[in-house]
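Visitor: Sequence:
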Amino acid sequence: MNIDFSNKKTIALLSAVGVLAIATIAAVVVLLTLPGKAIQVEDFSGKTVEEIKKWATENKLGDSQLVVEYEYSDTIDKDKLISQSIASEQKLNKDSVLTVVFSKGPDPDVEVTLPDFKDMTEEEIEKFVETNKLLDVTYEYAVDEKIEKGKFIKVNVTDTVIKRSTMLVFTISQGKDGTGEQIIVPDFSDYTKAKITNWAKANKVTINWKEEASDKIAKDKVISQDPKAGETIKTGDKITVTMSLGKTVTMKSLAKMSKDEAKKWLNDNGLVGEFSEAYSGSIEYGYVISNTPEKGDVKQGSTVKVKISLGKIKLESFVGKKKEDAESYKKKINNLEGNLTFTYSEVESTEPVGTIVSQGYDGGTYLAPGTTVNFQISKGKSITVENKAGVSEDEFKKYISGLGLSLGTRSTAYSDKAAGTILENETGKKAAGSTVWYKVSLGQYEPNAGDFNDKTVAEAKKIIDNANNSGAGWSFTGEDPVYHESVASGKTFGCVVTKENKNVKCSVSKGPEPKPINVGSFEGKSFNEFNNFITSNGLKLGTKSEEYSDSYAAGVIIRNDTGDFLKGTAVNYTVSLGSNKITIIDLKTKVVANDPEGTKKNIMDYLIGQGFPAGNIQISIEANDITRGELIDYPPAGPIDKSETITIKISSGSAD
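In numbering that gives the first Met the number 0, the protein residues as written are 0 to 655.
Simulated from the structure, these hints should not be mistaken for lab results. Computed from a prediction, not measured in an experiment: that's the story for all the values here. Misleading hints may appear alongside valid ones.
Said to hold, decoys possible - The calculated lysine-lysine pairs, modelled on DSS-like cross-linking and capped at a C-alpha distance of 25 Å, are:
{"hint": "1", "residue 1": "Lys227", "residue 2": "Lys263"}
{"hint": "2", "residue 1": "Lys258", "residue 2": "Lys200"}
{"hint": "3", "residue 1": "Lys454", "residue 2": "Lys524"}
{"hint": "4", "residue 1": "Lys150", "residue 2": "Lys132"}
{"hint": "5", "residue 1": "Lys132", "residue 2": "Lys209"}
{"hint": "6", "residue 1": "Lys331", "residue 2": "Lys53"}
{"hint": "7", "residue 1": "Lys331", "residue 2": "Lys313"}
{"hint": "8", "residue 1": "Lys580", "residue 2": "Lys524"}
{"hint": "9", "residue 1": "Lys117", "residue 2": "Lys162"}
{"hint": "10", "residue 1": "Lys331", "residue 2": "Lys258"}
{"hint": "11", "residue 1": "Lys218", "residue 2": "Lys46"}
{"hint": "12", "residue 1": "Lys263", "residue 2": "Lys209"}
{"hint": "13", "residue 1": "Lys641", "residue 2": "Lys600"}
{"hint": "14", "residue 1": "Lys246", "residue 2": "Lys262"}
{"hint": "15", "residue 1": "Lys126", "residue 2": "Lys246"}
Claimed, not checked - Ranges of calculated distance between the beta carbons of each label pair, as one might list FRET restraints:
{"hint": "16", "residue 1": "Val96", "residue 2": "Glu147", "range": "44 to 54 Å"}
{"hint": "17", "residue 1": "Glu260", "residue 2": "Lys93", "range": "12 to 22 Å"}
{"hint": "18", "residue 1": "Leu335", "residue 2": "Lys53", "range": "21 to 31 Å"}
{"hint": "19", "residue 1": "Glu293", "residue 2": "Ser87", "range": "18 to 28 Å"}
{"hint": "20", "residue 1": "Leu335", "residue 2": "Asp106", "range": "14 to 24 Å"}
{"hint": "21", "residue 1": "Thr371", "residue 2": "Glu210", "range": "18 to 28 Å"}
{"hint": "22", "residue 1": "Gly353", "residue 2": "Thr426", "range": "20 to 30 Å"}
{"hint": "23", "residue 1": "Asn579", "residue 2": "Ser535", "range": "12 to 22 Å"}
{"hint": "24", "residue 1": "Glu445", "residue 2": "Ser488", "range": "24 to 34 Å"}
{"hint": "25", "residue 1": "Trp208", "residue 2": "Lys53", "range": "48 to 58 Å"}
{"hint": "26", "residue 1": "Leu406", "residue 2": "Lys380", "range": "14 to 24 Å"}
{"hint": "27", "residue 1": "Asn601", "residue 2": "Asp549", "range": "38 to 48 Å"}
{"hint": "28", "residue 1": "Asn579", "residue 2": "Asn601", "range": "19 to 29 Å"}
{"hint": "29", "residue 1": "Glu129", "residue 2": "Val160", "range": "34 to 44 Å"}
Glycine included, C-beta positions come from ideal geometry on N, C-alpha and C.
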């Protein structure tokens with residue numbers, strides 16, 4: 000087909016077609032570039048994460064338009080919605096981001112102080128567990144003849160402070176008749192963990208929980224139970240229930256992903272991201288540095304810790320500021336793994352003391368973590384202090400003030416220089432505002448003899464020691480003690496000061512010379528009378544000797560040392576033991592007929608009771624024609640000396 004482009008109608012027709020085509024293209028471009036239709040947001044209360052994601056897919060939301068976050072909550076149950084960033088019935092356009100926050104349940108790391116569970120009932124323990132949001136609690140039941148049914152027996156931990164996530168196993172008493180009731184095990188396949196727990200507590204059955212990953216059984220659903228449904232058990236028995244952890248996710252490194260990419264990957268895989276920030280010298284701002292765990296299989300719903308880069312550290316300028324400002328900044332940066340090291344050196348400067356005058360990197364410089372930054376701090380302008388020994392203290396003070404320095408530690412010392420004269424001072428270069436120590440002369444030490452009288456030797460020496468601590472160079476001499484009627488024992492008197500050899504010498508008193516005590520004879524007097532005299536006069540009891548005496552009763556003084564004695568002297572004495580003789584009766588009265596041993600015992604008891612020494616009594620039992628138990632040989636009745644040996648023979652009867 001040939002088109003005649005010179006024909007005016009043809010040209011007009013082609014022009015019309017071109018305009019129409021251009022208009023059509025423009026309309027398409029406008030439709031493609033106009034904002035998409037706004038979406039009305041629903042109320043997601045009661046929805047699961049999967050249901051919200053499904054809604055987002057159906058409404059064609061971009062990958063970055065739905066953000067799922069998790070946080071701990073003591074009031075919202077785990078996996079339940081806490082909040083949504085765009086309220087229901089509001090519009091969400093193509094540039095909007097909808098953030099939904101779900102609960103991770105109570106924070107497992109919160110610490111709880113356990114009470115003394117002794118005497119608590121199961122209901123009271125359950126209330127404590129519920130109030131404190133304890134996360135891993137199991138109840139076991141045991142027969143106990145001593146502890147009342149329903150009361151606490153024991154718990155598996157000994158710590159008084161635990162985390163919420165700590166496994167607690169409470170053993171509850173079933174009393175002495177707690178077992179034997181038969182129970183039919185239900186089918187737990189549609190039970191929640193909480194419902195199984197409540198059933199077990201109601202039926203006094205212990206649940207042994209296990210967990211396994213499963214691609215077939217949904218998370219938090221029962222995989223298996225042992226015994227199986229329909230079987231019969233008794234109260235106090237155990238049932239093993241295996242719960243599903245849901246599908247496992249093979250973890251990978253998220254390094255160098257953007258934060259949004261990491262969030263999406265975690266959300267898509269049913270994992271919870273816990274994000275933190277840190278500086279990095281190699282990872283760009285906003286991208287992942289590392290994640291924990293980085294590999295291996297983890298269960299859905301697990302928390303993955305993700306560290307996001309803050310990039311390099313932008314150093315502030317601290318010139319004109321103080322060291323404290325730099326240290327505060329470093330602490331803030333190092334809390335985010337900046338690992339900066341700051342070093343400081345002092346330099347002379349006209350800037351005020353303590354001011355930072357330079358730093359190794361300019362403010363605004365970007366540093367990699369671990370960098371060391373050197374700072375120079377002003378120690379002021381150097382001032383030279385000269386030796387001013389020999390000038391007066393007033394002149395020295397004016398000199399130091401004139402240099403712009405301050406007086407430091409002042410000390411004193413005795414010397415040959417006039418009192419108030421500078422002996423020495425700190426010299427050399429000093430920073431402005433610094434202090435300068437100095438020592439001032441007290442003049443020569445001139446002790447007064449009267450100051451040393453009526454002192455103990457230790458007190459007198461201390462006076463000299465105190466002076467010598469300030470450079471006096473004196474000594475003290477205490478002479479051997481002598482008696483003195485008016486000066487107390489141990490005190491000084493007659494002190495003499497000798498300047499030539501810088502010595503103070505004092506006599507030392509022994510107190511008044513003691514007077515002797517005359518001790519007369521106490522013959523025939525009681526020991527108590529003698530003892531009272533000795534002790535009341537400051538004397539001591541000396542060697543005691545004892546003798547038998549027919550003249551003096553026992554305990555009476557027979558003789559003692561006499562004459563003049565000084566206090567503290569021992570006085571020897573002799574005490575009567577009384578008479579050495581006793582009078583015995585006719586020993587035949589002690590005979591026990593036909594009983595030699597009985598006769599022997601009667602005689603021994605009698606003689607010892609009369610004061611006769613047992614060692615001086617010799618009794619033998621011999622065969623004899625005399626009646627058994629009668630005396631063969633014995634001392635007659637009457638006086639007998641206790642120092643003598645008594646021989647007694649008792650008949651044992653005829654030898655035939």
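Visitor: Is it true that Leu335 and Asp106 lie within 14 to 24 Å of each other by Cβ?
Guide: holds (23 Å)
Visitor: Could you check the hint for me, namely that Thr371 and Glu210 are 18 to 28 Å apart, CB to CB?
Guide: Between Thr371 and Glu210, where Cβ atoms are some 49 Å apart, the hint is violated.
Visitor: Measuring from beta carbon to beta carbon, are Gly353 and Thr426 in 20 to 30 Å?
Guide: holds (24 Å)
Visitor: Cβ-Cβ distance between Glu293 and Ser87: within 18 to 28 Å?
Guide: violated (39 Å)
Visitor: Lying within 44 to 54 Å: is that true of the beta-carbon distance Val96 to Glu147?
Guide: Taking Cβ atoms as reference, Val96 and Glu147 lie about 59 Å apart, which means the hint is violated.
Visitor: Lying within 12 to 22 Å: is that true of the beta-carbon distance Glu260 to Lys93?
Guide: Because 19 Å falls inside the window, the suggested range holds.
Visitor: Taking the beta carbons of Leu335 and Lys53, is their distance inside 21 to 31 Å?
Guide: Given about 38 Å between the Cβ atoms, the range is violated.
Visitor: For Lys331 and Lys53, compute the direct alpha-carbon distance and say whether it is at most 25 Å.
Guide: violated (42 Å)
Visitor: Given the hinted pair Lys150 and Lys132, is their alpha-carbon gap at most 25 Å?
Guide: holds (21 Å)
Visitor: With a cut-off of 25 Å on the C-alpha distance, tell me whether Lys117 and Lys162 pass.
Guide: Holds, because 21 Å separates the two Cα atoms, which is no more than 25 Å.
Visitor: Check the hint pairing Lys246 with Lys262 against an upper bound of 25 Å on the C-alpha distance.
Guide: holds (19 Å)
Visitor: Next pair to validate is Lys331 with Lys313; report whether the Cα-Cα distance is within 25 Å.
Guide: holds (12 Å)
Hint compliance for this structure: hints 1, 2, 3, 6, 12, 15, 16, 18, 19, 21, 23, 25, 27 and 29 are broken, all remaining hints hold.
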